[in-house]
Amino acid sequence: MNLTLLILLPLLTAIVILLMRNATQIKRAALIGSIAQFVLAFVLLFSFRNERAAGNEVQMLFELQYDWFPAWHITFHLGVDGISVAMILLTAFVVMAGVLVSWNVTKMTKEFYFLLILLSLGAYGFFISLDLFILFFFLEIAVIPKYLLIGIWGSGKKEYAANKLALMLMGGSALVLVGLLGVYFGSHEKTFDLLTLAHAHIPVEVQKICFPLLFVGFGVFTALFPFHTWVPDGHSSAPTAGSMFLAGISMKLGGYGCLRVATYIMPDGAKEYANIVIVLSTIAILYGAFATMMQKDLKYINAYSSVSHCGFVLLGIGMLTKTAMTGAIMQMVSHGLMTALFFAVIGMIYERTHTRQVNEMGGLLKVMPFITTVLFIVGLCSLGLPGLSGFVAEMTVFMGSWQNPDSFHRIATIAACMSIVVTAVYILRAIGHTAMGPLKEGYGNLNDAKWNEKLAAIILIAGILAIGIAPFWLNELISPATEIIMKKLQAGHSGL
Amino acid sequence: MLNDFLILMKSELVVVFIIFLLLLIKVGTEIKNENLLSIIQFLLLANFVLGFFFNETGTLFGGLFTTNGLMAFQKSILSLGVYLISLLFSVWLKKSEHMPEFFMLMLSALLGMFFMISSGSLLMFFLSLELSTIPVAAMANFDLEKKISSEASMKMILSSAFSSGILLFGISLIYGATGTVNFAEIPVLLDGSPLQILAFVFLFTAFAFKLSIVPFHLWTADVYEGAPVAVTSFLSVISKGSIAFILLTTLYKVFAPMQEIWYNMVMLLSITTMIVGNLFALRQQNIKRFLAFSSIAQVGFILVGLSSNSVQGTASVVYFVLIYVFSNLAAFGVAGAISQQTGKESIDDFKGLYQNNPFISWILALALFSLAGIPPTAGFFGKLFLITTGASKGNYFFITVAALNLIVSLYYYLRVIRAVFMDKNEQPIEKIYLNPSVKLGMVICGAGIVLVGLLTWIYDYITALTV
Numbered sequence: 001m002n003l004t005l006l007i008l009l010p011l012l013t014a015i016v017i018l019l020m021r022n023a024t025q026i027k028r029a030a031l032i033g034s035i036a037q038f039v040l041a042f043v044l045l046f047s048f049r050n051e052r053a054a055g056n057e058v059q060m061l062f063e064l065q066y067d068w069f070p071a072w073h074i075t076f077h078l079g080v081d082g083i084s085v086a087m088i089l090l091t092a093f094v095v096m097a098g099v100l101v102s103w104n105v106t107k108m109t110k111e112f113y114f115l116l117i118l119l120s121l122g123a124y125g126f127f128i129s130l131d132l133f134i135l136f137f138f139l140e141i142a143v144i145p146k147y148l149l150i151g152i153w154g155s156g157k158k159e160y161a162a163n164k165l166a167l168m169l170m171g172g173s174a175l176v177l178v179g180l181l182g183v184y185f186g187s188h189e190k191t192f193d194l195l196t197l198a199h200a201h202i203p204v205e206v207q208k209i210c211f212p213l214l215f216v217g218f219g220v221f222t223a224l225f226p227f228h229t230w231v232p233d234g235h236s237s238a239p240t241a242g243s244m245f246l247a248g249i250s251m252k253l254g255g256y257g258c259l260r261v262a263t264y265i266m267p268d269g270a271k272e273y274a275n276i277v278i279v280l281s282t283i284a285i286l287y288g289a290f291a292t293m294m295q296k297d298l299k300y301i302n303a304y305s306s307v308s309h310c311g312f313v314l315l316g317i318g319m320l321t322k323t324a325m326t327g328a329i330m331q332m333v334s335h336g337l338m339t340a341l342f343f344a345v346i347g348m349i350y351e352r353t354h355t356r357q358v359n360e361m362g363g364l365l366k367v368m369p370f371i372t373t374v375l376f377i378v379g380l381c382s383l384g385l386p387g388l389s390g391f392v393a394e395m396t397v398f399m400g401s402w403q404n405p406d407s408f409h410r411i412a413t414i415a416a417c418m419s420i421v422v423t424a425v426y427i428l429r430a431i432g433h434t435a436m437g438p439l440k441e442g443y444g445n446l447n448d449a450k451w452n453e454k455l456a457a458i459i460l461i462a463g464i465l466a467i468g469i470a471p472f473w474l475n476e477l478i479s480p481a482t483e484i485i486m487k488k489l490q491a492g493h494s495g496l
Numbered sequence: 497m498l499n500d501f502l503i504l505m506k507s508e509l510v511v512v513f514i515i516f517l518l519l520l521i522k523v524g525t526e527i528k529n530e531n532l533l534s535i536i537q538f539l540l541l542a543n544f545v546l547g548f549f550f551n552e553t554g555t556l557f558g559g560l561f562t563t564n565g566l567m568a569f570q571k572s573i574l575s576l577g578v579y580l581i582s583l584l585f586s587v588w589l590k591k592s593e594h595m596p597e598f599f600m601l602m603l604s605a606l607l608g609m610f611f612m613i614s615s616g617s618l619l620m621f622f623l624s625l626e627l628s629t630i631p632v633a634a635m636a637n638f639d640l641e642k643k644i645s646s647e648a649s650m651k652m653i654l655s656s657a658f659s660s661g662i663l664l665f666g667i668s669l670i671y672g673a674t675g676t677v678n679f680a681e682i683p684v685l686l687d688g689s690p691l692q693i694l695a696f697v698f699l700f701t702a703f704a705f706k707l708s709i710v711p712f713h714l715w716t717a718d719v720y721e722g723a724p725v726a727v728t729s730f731l732s733v734i735s736k737g738s739i740a741f742i743l744l745t746t747l748y749k750v751f752a753p754m755q756e757i758w759y760n761m762v763m764l765l766s767i768t769t770m771i772v773g774n775l776f777a778l779r780q781q782n783i784k785r786f787l788a789f790s791s792i793a794q795v796g797f798i799l800v801g802l803s804s805n806s807v808q809g810t811a812s813v814v815y816f817v818l819i820y821v822f823s824n825l826a827a828f829g830v831a832g833a834i835s836q837q838t839g840k841e842s843i844d845d846f847k848g849l850y851q852n853n854p855f856i857s858w859i860l861a862l863a864l865f866s867l868a869g870i871p872p873t874a875g876f877f878g879k880l881f882l883i884t885t886g887a888s889k890g891n892y893f894f895i896t897v898a899a900l901n902l903i904v905s906l907y908y909y910l911r912v913i914r915a916v917f918m919d920k921n922e923q924p925i926e927k928i929y930l931n932p933s934v935k936l937g938m939v940i941c942g943a944g945i946v947l948v949g950l951l952t953w954i955y956d957y958i959t960a961l962t963v
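Those sequence lines, one after another, are chains A and B. Each residue of the first sequence is one higher than the one before, counting from 1 in the numbering used here. Each residue of the second sequence is one higher than the one before, counting from 497 in the numbering used here.
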């Protein structure tokens with residue numbers, strides 16, 4: 001399969017959207033485009049599995065390489081392994097659901113869908129690039145859409161939130177940039193090529209400088225404590241689809257970068273700083289969970305709980321065991337689907353009740369059974385009910401963490417485990433308040449979900465169930481790739 | 497000999513030809529401004545296109561004048577900028593009584609810049625620098641009924657006279673220390689003695705004045721604010737670009753043996769320029785002053801690329817200037833169109849601009865994102881290559897400061913974006929009329945902003961010229 005299709009398809013969709021005349025045409029074009037992306041992601045999954053089944057053990061499949069800026073040895077190098085395929089699937093799910101739930105956007109429809117599709121373009125490009133320069137290019141490409149989506153279509157303190165998000169993410173990118181340049185010149189390879197760098201001997205002292213730069217830089221995107229402050233504001237002010245994209249896809253760019261770029265090419269740096277990563281991510285997990293308990297606004301609840309859940313991703317990476325890393329990637333996919341669904345449901349509720357305050361709602365199960373049921377499912381997934389994706393992912397992270405025999409790692413694991421209890425408290429309280437009890441006045445004649453909302457929810461639930469009930473297929477996809485990262489980690493200095 | 501002369505100096509000769517043609521038209525005919533402007537635009541386009549043909553390498557007048565492919569390309573960038581100015585500000589130009597004079601002055605300045613890029617000795621450099629400065633000061637006075645315009649002109653004359661004095665002093669010291677003013681001979685005779693360092697400091701100060709490097713930037717904001725937008729854009733894009741080009745020659749060729757010494761100087765000036773430019777830009781309300789300080793910060797970035805002596809340094813600076821021409825001219829074009837029709841120049845007035853003027857809003861957004869260095873605009877590539885070049889010395893502190901400055905600059909560019917797209921306004925700016933040539937100019941700028949980065953052969957072409 002030709003990977004450039006993953007970039008060309010969103011680009012084509014975006015151009016078609018620009019050419020359309022009225023809102024209906026624009027929506028149709030966006031929907032068709034996102035369905036095509038969805039199909040393409042599955043084609044990629046199956047052709048990837050076929051190749052692997054046929055015994056193709058090359059690290060990266062479907063590699064492509066064109067010269068881009070020969071003077072800097074920058075190549076347009078694409079390729080996928082199991083991790084990238086998983087992330088691409090996640091992106092396709094979230095994009096399709098995001099397009100569906102935004103069906104009612106009336107303000108500047110054309111611009112809205114154009115920016116939404118541009119955001120997905122950045123994500124696909126990021127996940128398939130094997131050259132750090134183009135990886136950085138795609139990472140940054142999403143800044144404009146994010147800023148404008150929040151600032152124009154958002155609610156509440158939207159300008160403040162948009163500014164904060166853009167600046168903090170830009171700060172993260174600035175650190176990434178310095179780190180990348182350090183690797184470029186420090187490795188003496190003068191290349192941005194991921195695979196070349198992974199096989200090169202980057203001097204330990206360079207790794208000690210560049211690993212924290214890259215890890216913190218990418219960490220900002222995935223709410224690394226204490227750089228998580230953009231998350232609550234950004235997510236809660238964004239329009240529904242914007243929050244879905246931000247939490248579902250954009251935060252995953254950071255986790256993917258921490259693993260694929262920072263940890264993979266600089267194993268010595270990773271070992272050096274692993275303990276700090278563990279401490280910070282444990283703090284994020286606990287702090288996020290406790291902070292969520294204090295929230296009264298549904299969107300803030302999900303935003304703070306995202307900080308907590310994304311902490312598991314970084315914890316899994318910091319534990320430096322194969323199982324924990326696999327768990328971290330599973331958590332990325334699981335949290336992406338779950339949080340997108342959560343924001344979608346919150347958006348649906350808000351559209352009907354015009355409030356997001358938990359204590360102003362009640363008894364919604366009676367008037368909108370479908371939406372409220374989805375809320376239950378997503379809540380249970382968030383608190384880690386077996387059979388749903390959250391359980392599988394977090395359990396894998398804990399199993400992997402426990403494999404480290406010393407007490408430091410064990411204490412961190414136990415502390416992180418405790419957050420699950422807190423999660424249960426806030427989730428059950430919020431959902432109970434919203435769904436159960438007597439119906440509040442004025443909510444008697446609210447409608448249940450429409451076709452587009454149902455479809456969006458069903459797609460995401462299908463993803464959650466697929467991971468929850470049959471996690472082995474995701475595990476099969478991911479673990480060969482984590483295996484390679486682990487080998488590199490164990491080999492340390494001597495290289496691979 | 498005559499053939500050599502004609503071929504090697506063809507860019508300069510074309511400009512001289514246009515100037516004299518304009519003079520004859522002005523004196524001899526009663527042609528209307530509108531028709532004349534179309535003719536001028538055509539001539540400027542022809543000038544730009546001709547820049548790509550018959551380029552040869554050679555020297556004339558015993559080394560006073562040199563030219564090669566890279567220099568020809570640099571001249572083409574400047575010609576392109578002048579052509580774009582003639583398009584973007586055509587509404588303003590048509591109304592002006594003295595349009596032919598305006599172009600004569602602008603082209604004289606351009607001629608000076610051409611000679612400056614090609615100069616092979618300090619004397620030639622000095623003469624051409626004066627030729628490129630004095631007409632601009634006259635141009636700054638072109639809003640004849642505005643006092644602030646004359647003030648700008650006066651400030652510019654005084655500060656450039658001062659910097660010329662410093663430059664001449666530096667040149668005389670160089671001559672005293674080495675016994676020559678010829679670019680080819682100076683590097684051989686440089687040994688880093690204190691006198692030579694002093695001479696270099698004086699020379700560099702003069703450059704710093706023209707490029708408005710902090711702490712020699714104080715004239716910039718006032719002049720930019722007072723001068724007509726067309727002149728401001730000429731000053732900030734074309735003048736700056738030409739000085740950056742000659743600075744490349746001076747640092748990399750003439751003072752190459754003293755690199756250890758000038759590296760620290762350039763680094764320090766670059767850091768202060770970026771920081772001061774950015775911090776002052778944060779609080780500006782007038783869009784012209786805002787762009788003035790942002791252009792100071794941009795010069796700081798150019799110095800990041802300049803700080804390393806290499807093929808990549810030259811290539812990335814030339815590439816950045818090309819991108820800068822498109823981005824900054826687009827921003828000035830929009831600001832000019834608005835101020836021409838409504839007289840509004842404050843960022844607060846831009847609130848709600850998108851409501852009635854989606855096209856120019858997007859052009860402005862593209863330009864500002866390009867200046868901020870956000871992909872997919874070309875500014876991303878330009879800035880990234882400058883920073884990469886600067887990093888080749890392994891000076892992480894310098895690079896980190898540069899990268900952090902990117903965040904600050906993003907903040908103030910976003911201020912404008914926010915005003916245009918998000919803020920509410922009871923009385924937003926009404927629909928701005930754009931005549932076809934303004935539209936064409938904006939489309940060219942927009943296309944340049946998007947394509948120069950993605951079409952990688954442009955960078956390859958520049959690198960190939962540099963080697």
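Bear in mind the hints are in silico, worked out from the structure with no lab data behind them. Be careful, since some hints might not be right.
Label pairs and their calculated CB-CB ranges [stated by the list, open to error]:
| hint | chain 1 | residue 1 | chain 2 | residue 2 | range |
| --- | --- | --- | --- | --- | --- |
| 1 | B | L541 | A | Y350 | 50 to 56 angstroms |
| 2 | B | Q851 | A | L428 | 43 to 49 angstroms |
| 3 | A | N104 | B | K840 | 34 to 40 angstroms |
| 4 | B | E681 | A | K271 | 53 to 59 angstroms |
| 5 | A | S155 | B | S842 | 47 to 53 angstroms |
| 6 | B | S842 | A | G442 | 40 to 46 angstroms |
| 7 | B | D956 | A | F376 | 21 to 27 angstroms |
| 8 | B | K591 | A | S155 | 41 to 47 angstroms |
| 9 | A | A200 | B | D956 | 24 to 30 angstroms |
| 10 | B | K927 | A | K107 | 17 to 23 angstroms |
| 11 | A | Q59 | B | L775 | 42 to 48 angstroms |
| 12 | B | L775 | A | T229 | 22 to 28 angstroms |
| 13 | B | E922 | A | N104 | 43 to 49 angstroms |
If we take Cβ atoms under 7 angstroms as the criterion, some of the chain B residues that face chain A in the derived model are [as the list claims (entries may be wrong)]:
| hint | residue |
| --- | --- |
| 14 | V897 |
| 15 | L900 |
| 16 | I903 |
| 17 | Y955 |
Being a predicted model, the structure only gives us computed values, none of them experimental. We put the beta carbon where it would ideally sit given N, CA and C, even for glycine.
Hints, one by one, checked against the model:
1. In this structure the supplied range 50 to 56 angstroms holds for L541/B paired with Y350/A, their Cβ-Cβ distance being about 55 angstroms.
2. Distance hint for Q851/B and L428/A: a CB-CB separation of about 46 angstroms, consistent with the stated range 43 to 49 angstroms.
3. Between N104/A and K840/B the beta carbon distance is about 36 angstroms. The supplied range of 34 to 40 angstroms therefore holds.
4. Between E681/B and K271/A, the C-beta spacing of about 57 angstroms keeps the proposed range 53 to 59 angstroms intact.
5. Between S155/A and S842/B, the C-beta spacing of about 28 angstroms breaks the proposed range 47 to 53 angstroms.
6. Taken as a hint, the range 40 to 46 angstroms holds for the pair S842/B and G442/A, whose Cβ atoms sit roughly 45 angstroms apart.
7. For D956/B and F376/A, the Cβ-Cβ distance of about 58 angstroms falls outside the hinted range of 21 to 27 angstroms, so the restraint is violated.
8. Between K591/B and S155/A, the C-beta spacing of about 45 angstroms keeps the proposed range 41 to 47 angstroms intact.
9. Hint check: A200/A to D956/B, Cβ distance near 25 angstroms, so the stated range 24 to 30 angstroms holds.
10. One distance hint, 17 to 23 angstroms for the beta-carbon pair K927/B and K107/A, holds here, with the actual separation near 20 angstroms.
11. A beta carbon spacing of about 47 angstroms between Q59/A and L775/B agrees with the range 42 to 48 angstroms that was offered as a hint.
12. With their beta carbons about 23 angstroms apart, L775/B and T229/A fall inside the hinted range of 22 to 28 angstroms.
13. Checked against the hint of 43 to 49 angstroms, the pair E922/B and N104/A fails, with Cβ atoms roughly 28 angstroms apart.
14. Proximity of V897/B to chain A is violated relative to the hint, the smallest CB-CB distance being about 10 angstroms (cut-off 7 angstroms).
15. Annotation: L900/B was flagged as interfacial toward chain A, and the flag holds, the nearest CB pair being 6 angstroms apart, inside 7 angstroms.
16. The closest approach between the C-beta of I903/B and any C-beta of chain A is roughly 5 angstroms, which is under the 7 angstroms cut-off, so the hint is satisfied.
17. Annotation: interface hint on Y955/B holds; nearest CB of chain A at approximately 6 angstroms, less than 7 angstroms.
The structure does not agree with the numbered hints 5, 7, 13 and 14 stated previously, though it agrees with the rest.
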